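For reference, the chains in residue letters:
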Amino acid sequence: MARIEQNDASAVVIIGSGAGGGTLAYELTRQGIPVVVLEAGKRQSTATFSQVPGEAFGQLTWLDRRTQSGSWDVAKSSPNMPAWHCKTVGGTTVHWTAACPRLELWEMKARSVYGNIAGTSLIDWPVSHEELLKYYEMAEKKMGVTRRNGIPGMPASNNFKVMYAGAKKLGYRKVHTGHLAINPKTFDGRGFCIQQGFCVQGCKMGAKWSTLYTDIPRAERTGKLDLRSECMASRIEHGEDGKVNAVVYRDAQGQEQRQKARIVCVAGNGIETPRLLLLSESAKFPKGLANSSDQVGRNYCHQINGFVWGFFEKPVYSWRGVTLGGVIEDEVFNEPKRGFVGGYRMELVTLDLPTLPLVGLPYGWGRDFAWMLENYRNMAGMLINGEDMPRAENRVTLNREVKDAHGLPVPNVHVDEHANDQALRKHAQGQMTKVFEAVGAKRVVLGPLPPATHNTCSARMSEKPEEGVTNAWGRTHDVKNLYISDGSVLTTPGSANPTLTIVALALRQAEHIVGEMKAGRI
Amino acid sequence: METLVRLDRREMLKTATGVLTGLVVAGSPLALIAGGPAWAVDLGALTSAEGAALMAMVRTIAPHDKLEDAAYALVIQAVDREAAKDEGLRKMIREGAAGLGADFAGKAESERVEALKKIESGAFFQTMRIKTLLTLYASPIAYAYFGYEGEAFSKGGYLYRGFNDLRWLAEVPAEDSGPMPGQR
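Residue numbers (the working numbering), protein chains in the order written: chain U, 1 to 522; chain F, 1 to 184.
Calculated directly from the structure, the hints in this document are not laboratory data.
Only a predicted model underlies this, so the values are computations on that prediction, with no experimental measurement involved.
Ideal placement from N, C-alpha and C gives every residue a C-beta, glycine not left out.
A portion of the hints provided could be inaccurate.
With a straight-line Cα cutoff of 16 Å, these simulated EDC-like cross-link-like pairs (lysine to aspartate or glutamate) come out [to be verified]:
#1 Lys174/U - Glu175/F
#2 Lys117/F - Asp368/U
#3 Lys260/U - Asp294/U
#4 Lys168/U - Glu171/F
#5 Lys174/U - Glu374/U
#6 Lys426/U - Asp73/U
#7 Lys260/U - Glu240/U
#8 Lys66/F - Glu374/U
#9 Lys426/U - Glu82/F
#10 Lys174/U - Asp165/F
#11 Lys284/U - Asp330/U
#12 Lys168/U - Asp165/F
#13 Lys109/U - Glu130/U
#14 Lys480/U - Glu104/U
#15 Lys169/U - Glu171/F
#16 Lys314/U - Asp165/F
Not everything, but these chain U residues come out facing chain F in the computed CB check (under 8 Å) [stated by the list, open to error]:
#17 Leu63
#18 Arg65
#19 Thr67
#20 Ser71
#21 Phe198
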């Protein structure tokens, strides 16, 4: 691993080491470009991942204080935790469930296809689907995605057998064990999946793709990466010329440090990324960095989620096996006659104890609540993953009333659901109920909205500078050497779990940055 | 006394303010992991009477008739440990326990439910509810009771231990499933 001096202004500074930041770090360092990665979390490994659910949650989760407002249920059910993502080297690729669907062509033309829907801020992507497909293919090869490039699917688990049988009775056709970045057999020096079911606690086999044990060590072996864990960026600085030139951060001891930079790439997940831009306000950028459009933090999307549980007469043991090992894709299409625009996936899921009663079941206590746990063995589960509508007022802002451990304003997340979001969720819950009832569920329980795991679109790519924060390469419209490299740049969320798209866009952005540097334009 | 199972063995209290005790039910999940026929939990912030009232409260929040008291005692222990370190929490828990009334544990379940509904929106009830979920459903006793097998890495995963052993529905055709590792 390299050691880059703080006053060395030749380095690219990447903030965050997850799907976006970790991928970008390797793509740049392997081209000989020096990179400093500032990661707020600690470094774990397959050896240190805890297998006690509560401990693992504490080990990996971003638990810094946040506030919420708006009418969505999460603000009530989980007031201090709007989102569930990671704070650790490897970012959210450490706890993700590895689902790798692609966005569809029509999902990238949401404004054109869905029309002018009141109360939304829909726009089309500035990147074509054809263009993105090239990078999807690169990402899938690199991550070892199942059912792509000759890699077989995962074997069907008990939980999937229930979903599959029910889906087939309803006439669904696109039902399979999913496109997962999990090894059904050894691949790329990583082991094969032994169906532990502890995907969310960190995969101790390394069978699930994570930048923690792929791109980050590879980048370190180039001798060009200086990875600084437990270093929380607090401000991006710029010069008179309006270009960014340094990142201020707190190190593990809480000391303020400053790293000079040739280029800054922000990849801190969809809440911290806009927060950092807003925290970097200055005389030249009074509304926050790269925010002349006032779009930083706006259009925050999280995708429509929600658990649906089926209880059966006979055992399922849903916890055995890959957490998200199956999908029904037949509802991924746009048909306003269903009562909403956009589509959704039905994805296999289960939760451990005690996570199920804490976040998976509807609020309750007493006999009925206890009944669900008494029947945990006989429970099968599914999760909605649907497209939500961007809204200008659904946004990440700074809450200047509440300060974090370093005295900085915490992010506030405001979400008012659009009627389309609610109609889509209701439709999905209805279909999932039918799937379970088709195979004899004696009871179907609709879970509450969990904290958001797909935080996206809060610094979106746009053709027109006034409609977003970055151009089609994630380069901010306002600042030539400032890039956004995570899910914040998604123009709209679609119904695909976002990680594959984040990796694909990071690969594409890396090519662009290398080209710009070689051409001397940056 | 050697036959007592100290559920709090890891941190024995120097000065106990109360104690919860019970018998291990023969053949129960606890009997498999317990070292003897009885258990005891020392309390460091709460009295025995408060502990007993809270036990009844937690059983009303999460009524699993055949799940033994020892599992519920772990919740009281967790609350007690935090209350010993946090004066505000201690005050809230003690006042809450007093508010349940001296004979709370002796009341019929329907009466206990009615009493708890009246305080459901308050911080005391909500704190106890979350503590119950966090602790009760995370203990080895509860795992065994609910049939939850927990982490599997140390046992080689579920790959050869039943991840696909469901037989009451048809098998998934090969094109929508995938091979076991080592198979083509």
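Here's how the hints hold up against the structure:
Only pairs whose Cα atoms come within 16 Å are accepted, and Lys174/U paired with Glu175/F is accepted, the gap being roughly 11 Å. For a cut-off of 16 Å, the pair hint linking Lys117/F to Asp368/U stands: about 14 Å separates their Cα positions. For the hint pairing Lys260/U with Asp294/U, the CA-to-CA distance comes to about 27 Å; that exceeds 16 Å, so the pair is violated. For the given pair, Lys168/U sits about 12 Å from Glu171/F by alpha-carbon distance, which is consistent with the 16 Å threshold.
Distance hint between Lys174/U and Glu374/U is unfulfilled; the C-alpha atoms sit about 33 Å from each other, more than 16 Å. Between Lys426/U and Asp73/U the CA atoms are separated by roughly 14 Å; this keeps the pair inside 16 Å, and the hint holds. At most 16 Å may separate the alpha-carbon atoms for a hinted pair to count; Lys260/U and Glu240/U meet this at roughly 15 Å. About 10 Å separates the Cα atoms of Lys66/F and Glu374/U, which keeps this hinted pair within 16 Å; it holds.
Of the pairs offered as hints, the one joining Lys426/U and Glu82/F is violated, with about 41 Å between alpha carbons and a cut-off of 16 Å exceeded. For the proposed pair Lys174/U and Asp165/F, the alpha carbon gap of about 24 Å is over 16 Å, so the pair is violated. Between Lys284/U and Asp330/U the alpha-carbon distance is near 50 Å, which puts this suggested pair outside the 16 Å criterion. Distance restraint check for Lys168/U and Asp165/F: the Cα-Cα separation of roughly 20 Å exceeds the 16 Å cut-off, and the hinted pair is therefore not satisfied.
Between Lys109/U and Glu130/U the alpha-carbon distance is near 12 Å, which keeps this suggested pair within the 16 Å criterion. Between Lys480/U and Glu104/U the CA atoms are separated by roughly 30 Å; this puts the pair beyond 16 Å, and the hint is violated. Proximity of Lys169/U to Glu171/F is assessed by CA-CA distance (about 14 Å); at most 16 Å being required, the pair is judged to hold. Pair hint Lys314/U plus Asp165/F holds up; C-alpha atoms about 12 Å apart against a cutoff of 16 Å.
For Leu63/U, the interface hint is violated, since its Cβ never comes within 8 Å of a Cβ in chain F; the closest pair sits about 15 Å apart. Checking Arg65/U against chain F by beta carbon gives a least distance of about 18 Å; that is not within 8 Å, so the hint is violated. Look at Thr67/U: its Cβ only gets to about 19 Å from chain F, farther than 8 Å, so that hint breaks. For Ser71/U, the shortest C-beta to C-beta distance to chain F is roughly 20 Å, which exceeds 8 Å, and the interface hint is violated.
At about 6 Å, the closest approach between the beta carbon of Phe198/U and any beta carbon in chain F falls short of 8 Å, and the interface hint on this residue holds.
In this structure, the earlier hints numbered 3, 5, 9, 10, 11, 12, 14, 17, 18, 19 and 20 are contradicted, and the remaining ones agree with it.
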